[in-house]
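K.L.:
Protein chains in written order, with our numbering: chain A, 9 to 258; chain B, 13 to 540; chain C, 29 to 238.
Some hints here could point you the wrong way.
FRET-style restraints, in silico, Cβ to Cβ [claimed, not checked]:
id : chain 1 : residue 1 : chain 2 : residue 2 : range
1  : A       : Gly185    : C       : Ala86     : 14 to 24 Å
2  : B       : Gly436    : A       : Gln160    : 28 to 38 Å
3  : B       : Ala33     : A       : Trp90     : 55 to 65 Å
4  : B       : Ala33     : A       : Gly185    : 31 to 41 Å
5  : A       : Phe187    : B       : Glu391    : 46 to 56 Å
6  : B       : Thr90     : A       : Val66     : 53 to 63 Å
7  : A       : Phe187    : B       : Gly436    : 21 to 31 Å
8  : A       : Phe187    : B       : Arg398    : 50 to 60 Å
9  : B       : Pro47     : A       : Leu140    : 38 to 48 Å
10 : B       : Ala33     : A       : Val184    : 32 to 42 Å
11 : C       : Leu150    : B       : Gly216    : 26 to 36 Å
12 : B       : Ala33     : A       : Val222    : 53 to 63 Å
13 : A       : Gly244    : B       : Thr90     : 32 to 42 Å
Don't read these hints as lab results, they were simulated from the structure. Beta carbons are placed, not taken as given, at the ideal position from N, Cα and C, and that holds for glycine.
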Amino acid sequence: MRKSSGRPRRRSTGGLLASCGPLSLLGGSFALMAGALATPRASGLMAGAALLALLLPVGCGRGGFPWRRMIAAGLAVASVAWSNWLLATPHSWAVAATAGLRVGLFVVPGVVFAAFVRPAELGDHLAQRLRLPPRPVVAAVVAVQRFERLGQDWADLSDIRRVRGIHDRRSPIRAVGGFAEQALALLVGALRDAAQTAIAVEARGFSRPQRTGVPRTWACPAPWTATDTRLMACCGGVATVSVLTGALIG
Amino acid sequence: MTGSRPAAVLVRGLTWTPLGARTPVLADVDLRLEPGERVLLTGPSGGGKSTLLRALAGVLDAAESGEATGEVRVGGETPLGGGAALLLQDPGAGQVAETVGRDIAFGMENRAVPRTAIWPRVRSLVGRVGLSVGQEHRVAALSGGESQRVGLAGSLASADGLLLLDEPTSMLDPDAAARVRDSVADAVADRALTLVLAEHRLDGWLPLVDRLVVVAAGRMVADLPVRGGGLDAHAPGPDSAADLVRDLTSWGVWLPGVPEPTPWPVAADVCAPHSRALVDASAWSGSRASARERETSSPFAGGAALLRVKDVAVARDRPRRGAVASVVHCRVEADLVAGQVQAVLGASGVGKSTLLAALAGLRRPVGGVVEALPPLAREASTHPHRWTSRQVATRVGYVPQRPQASVIGGTCRASLLATARALGRDAERRGDALMEQLGLGAVADRSPYRLSGGEARRLALATAVVHGPDLLLLDEPTVGQDRDAWAAVAGVIEAAARAGVAVVAATHDDLLADLAARRIVLTRGADA
Amino acid sequence: MASRRTLAHPAPGGPGAWRGVDLVVAAVFGVAMGVVFIAWDYLLNAPWTALTLAFPPASSLALGVWLLPAVAGGLIVRRPGAALFVELIAGVLEYLLGNPWGPGVLISAVLQGLGAELGFALLRWRRFGPGVAMIAGGLAASLEIVAYEWWSYAAEYAWPWKVAVLGFSVLSGVLLAGLGGHALVRALARAGALDAFGPGAEHAARSDRR
Chain A
9 MRKSSGRPRR
19 RSTGGLLASC
29 GPLSLLGGSF
39 ALMAGALATP
49 RASGLMAGAA
59 LLALLLPVGC
69 GRGGFPWRRM
79 IAAGLAVASV
89 AWSNWLLATP
99 HSWAVAATAG
109 LRVGLFVVPG
119 VVFAAFVRPA
129 ELGDHLAQRL
139 RLPPRPVVAA
149 VVAVQRFERL
159 GQDWADLSDI
169 RRVRGIHDRR
179 SPIRAVGGFA
189 EQALALLVGA
199 LRDAAQTAIA
209 VEARGFSRPQ
219 RTGVPRTWAC
229 PAPWTATDTR
239 LMACCGGVAT
249 VSVLTGALIG
Chain B
13 MTGSRPAAVL
23 VRGLTWTPLG
33 ARTPVLADVD
43 LRLEPGERVL
53 LTGPSGGGKS
63 TLLRALAGVL
73 DAAESGEATG
83 EVRVGGETPL
93 GGGAALLLQD
103 PGAGQVAETV
113 GRDIAFGMEN
123 RAVPRTAIWP
133 RVRSLVGRVG
143 LSVGQEHRVA
153 ALSGGESQRV
163 GLAGSLASAD
173 GLLLLDEPTS
183 MLDPDAAARV
193 RDSVADAVAD
203 RALTLVLAEH
213 RLDGWLPLVD
223 RLVVVAAGRM
233 VADLPVRGGG
243 LDAHAPGPDS
253 AADLVRDLTS
263 WGVWLPGVPE
273 PTPWPVAADV
283 CAPHSRALVD
293 ASAWSGSRAS
303 ARERETSSPF
313 AGGAALLRVK
323 DVAVARDRPR
333 RGAVASVVHC
343 RVEADLVAGQ
353 VQAVLGASGV
363 GKSTLLAALA
373 GLRRPVGGVV
383 EALPPLAREA
393 STHPHRWTSR
403 QVATRVGYVP
413 QRPQASVIGG
423 TCRASLLATA
433 RALGRDAERR
443 GDALMEQLGL
453 GAVADRSPYR
463 LSGGEARRLA
473 LATAVVHGPD
483 LLLLDEPTVG
493 QDRDAWAAVA
503 GVIEAAARAG
513 VAVVAATHDD
523 LLADLAARRI
533 VLTRGADA
Chain C
29 MASRRTLAHP
39 APGGPGAWRG
49 VDLVVAAVFG
59 VAMGVVFIAW
69 DYLLNAPWTA
79 LTLAFPPASS
89 LALGVWLLPA
99 VAGGLIVRRP
109 GAALFVELIA
119 GVLEYLLGNP
129 WGPGVLISAV
139 LQGLGAELGF
149 ALLRWRRFGP
159 GVAMIAGGLA
169 ASLEIVAYEW
179 WSYAAEYAWP
189 WKVAVLGFSV
199 LSGVLLAGLG
209 GHALVRALAR
219 AGALDAFGPG
229 AEHAARSDRR
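Next up, chain A with everything else stripped away, as it sits in the complex (with noise of 0.2 Å):
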């Protein structure tokens, strides 16, 4: 049934993440973050990190590494180390690393885990295995299907204020008083297609289940795979390792 599940191919890294679940990658990186944010001391931190340096690789086969979410990542990190070294008294260095790198060891998995999920196949999951109430979970997949069309919209904003002589990047206010006009006219466009939307899905039956106490029904299922099952055992390993060895090893 393969050929008629309606889901666009996945990509095909050869690693474990691209066959896993959203809600392994979800749940994986909290355990992780949980981890993290629980490890006492730096000792455990960098056991953490090595085995996820040694594990994410193969998690992520060839090719599969999201380099460029790591640039973003990368700074994020980074800027946490700077402002725990400057506001921290007395400064120092060994504190500031230790801070960077209990964020950097739930922010970059988590950022590379994030890659993997697909938002029809989240929406899915969060109905049908962790039954969240449905209407709202179909509205956020329709509203997220939206996502492409209002980055278009984005972009032809700013060529309008290109066109209408009102691009201005000379004077900061200006530019985050322009970026405040883009922003609020984005708004009104999404919200009013949003009302015609309401309007086509409602046509279709989105209110239908709740009114005749017939619940919907999903085209696509949300199997849990033993391999969403191991990735979980691989995070929650590498969280109980950082916090056992930041225990143990002073």
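Go by the hints and put chains B and C onto chain A.
P.N.:
For chains B and C alone, coordinates are given in the frame of chain A:
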């Protein structure tokens, strides 16, 4: 389950007043349809056609609060959203999922169709509406016409014997529109569906329907049989039929067989380029640009060449995922000449909008030539993409494909004059004249976002002209215009050319292309 | 301006009865705010971060921008859960598109949404003026800082600095998210984008009286 039997429709005394409105949008409407009947609803825009369709779909209060009285029955029952199928004007509005298959499945999911039954039905629906793309195709990569057919398939999946179409082709080019009409014709061929269709362009649809119902100011004003693809002039008495054709035409409905509209006379001085006015202010006094001069040739017909374009290649700034070409090649060789209208023609997706964007200096060409010649470049660069925002605005007026995007500010008048204000040009008098010409006088102080699609496009045209640019670039300026509005838009375009503006209009509208001195036809290049 | 005294236009069908249009518009609003955030990151974040490098707590002065979905969402839909729903959707979108904080952005979204929710709950979803908006914005900022950032991004700050971060954040939440969010919703209503909602109905009533 689905589409098993056509539904009878009964509307009795339906009145709908949205919250905050002083007058009802629908007032005491009665309508009765036999199962399998096909009805075309027409009338002036804002007359209540869309609202009536929403009432039949059971989604009257889906996007606005209000008060409804009266009765609506579809197949003997009060319609509940998800029964009748409703297809809207904007192809994007109804898109709900990432892939074609999942989008079509949406209605069935809501009606609790089991998963195993959904996919075979999706497959058959894809074939039934004549889609050539697969179920896994991304919805975001569909053309407008394909989107409407996906929407139609999704609608048919849940149709309880009633199909409702709200101007489903008004945003499509003629070829795509014809294909959507064919798909609709197939869907209703076996009379297993009752059809209600709202339209203000009747050509093409009349052969599909049995009845024409006219709705104006919230009331039903006429109900005529249609036979053999034409209005049956004898049915209600010949006099009233002639009256009705006159009324319909005056409401802006495009009827087949009625002479095409002609551009209205518009004074050229309200469209004159600012640069020209500086050079020779006396030449553009109102007396010279009288309406009688419409027939005479433009004083700038042999005017200066402003912009040279040759085989330009432009990168799509955001390549659509799923689309093959990320560079658009426009095989074209032309000089844009002051005082001349040129039409850019070609199928949807061939790159007309991208070409206009390159001419406006919004995209840097990756190949070929877009060169501003001295009369246009003046002190600025000969490469339009290097111009500053101010330099672009002094030279170019631009109507984007989505006219709402050109709005800046809180009222129509403020938005209209924003560019003139930024450039320090006084354009209030011209602005008022243009708004009057384009039928926007009454909405000048309203929010520009509250305009109808046609009004928004006319405001965008006025906005592009009012500050006196040398070059006017129009992306589909006549889409969604009724007859009178078309004549006003065409009048402004002609007046601008007479005043010495170089006009380029990308369009599917043959009537507009007829006004052009030259046609540039874009075709899909082999290397695209 | 006397209308501010009158009771706000309530959500139709009672506060708990989410209509389809509530859900769809709230969700699209969240996604559109996500698009605005991405544009912000692309255009303004780098200069802003560079500007505040010498004094990192000042970067919290921009926090209010990220609280706008919660505050404005609550003001528009006027139902329990609206602030959380909209903020969560904006957060999920950022997460999916590779927000540099990874899962941290989801934690932040939940806390910010809950904080704003708390503000609206204090007045039992009956008032939606600038005062409530400021309370919601302030609480959203407080919860974000006290429950999360103090222990993650600012873990090693000396306590006076932690308090300074909280102060700047609350100020930003009250002004940018609170007053800014209220102004945003009014502007949206004026433009006709909220006709199905309380702010739209109130705008119609205001212009009727004029």
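K.L.:
Now tell me, hint by hint, if it's right for this structure.
P.N.:
Here is how each hint holds up against the structure:
Between Gly185 of chain A and Ala86 of chain C the beta carbon distance is about 20 Å. The supplied range of 14 to 24 Å therefore holds. Checking the proposed 28 to 38 Å range against Gly436 of chain B and Gln160 of chain A shows it holds: the Cβ atoms sit about 32 Å from each other. As the Cβ distance of Ala33 of chain B to Trp90 of chain A is approximately 57 Å, the hint placing it in 55 to 65 Å holds. At about 35 Å, the beta-carbon gap between Ala33 of chain B and Gly185 of chain A stays in the expected band of 31 to 41 Å.
The hint said 46 to 56 Å for the Cβ distance between Phe187 of chain A and Glu391 of chain B, and at roughly 30 Å that hint is violated. Between Thr90 of chain B and Val66 of chain A, the C-beta spacing of about 59 Å keeps the proposed range 53 to 63 Å intact. Checked against the given bound of 21 to 31 Å, the beta carbons of Phe187 of chain A and Gly436 of chain B, roughly 24 Å apart, stay inside it. With their beta carbons about 23 Å apart, Phe187 of chain A and Arg398 of chain B fall outside the hinted range of 50 to 60 Å.
The supplied range of 38 to 48 Å is met by Pro47 of chain B and Leu140 of chain A, whose beta-carbon atoms lie about 41 Å from each other. One distance hint, 32 to 42 Å for the beta-carbon pair Ala33 of chain B and Val184 of chain A, holds here, with the actual separation near 38 Å. For the pair Leu150 of chain C and Gly216 of chain B, the supplied restraint of 26 to 36 Å is violated, since their beta-carbon distance comes to about 59 Å. With their beta carbons about 35 Å apart, Ala33 of chain B and Val222 of chain A fall outside the hinted range of 53 to 63 Å.
The supplied range of 32 to 42 Å is broken by Gly244 of chain A and Thr90 of chain B, whose beta-carbon atoms lie about 53 Å from each other.
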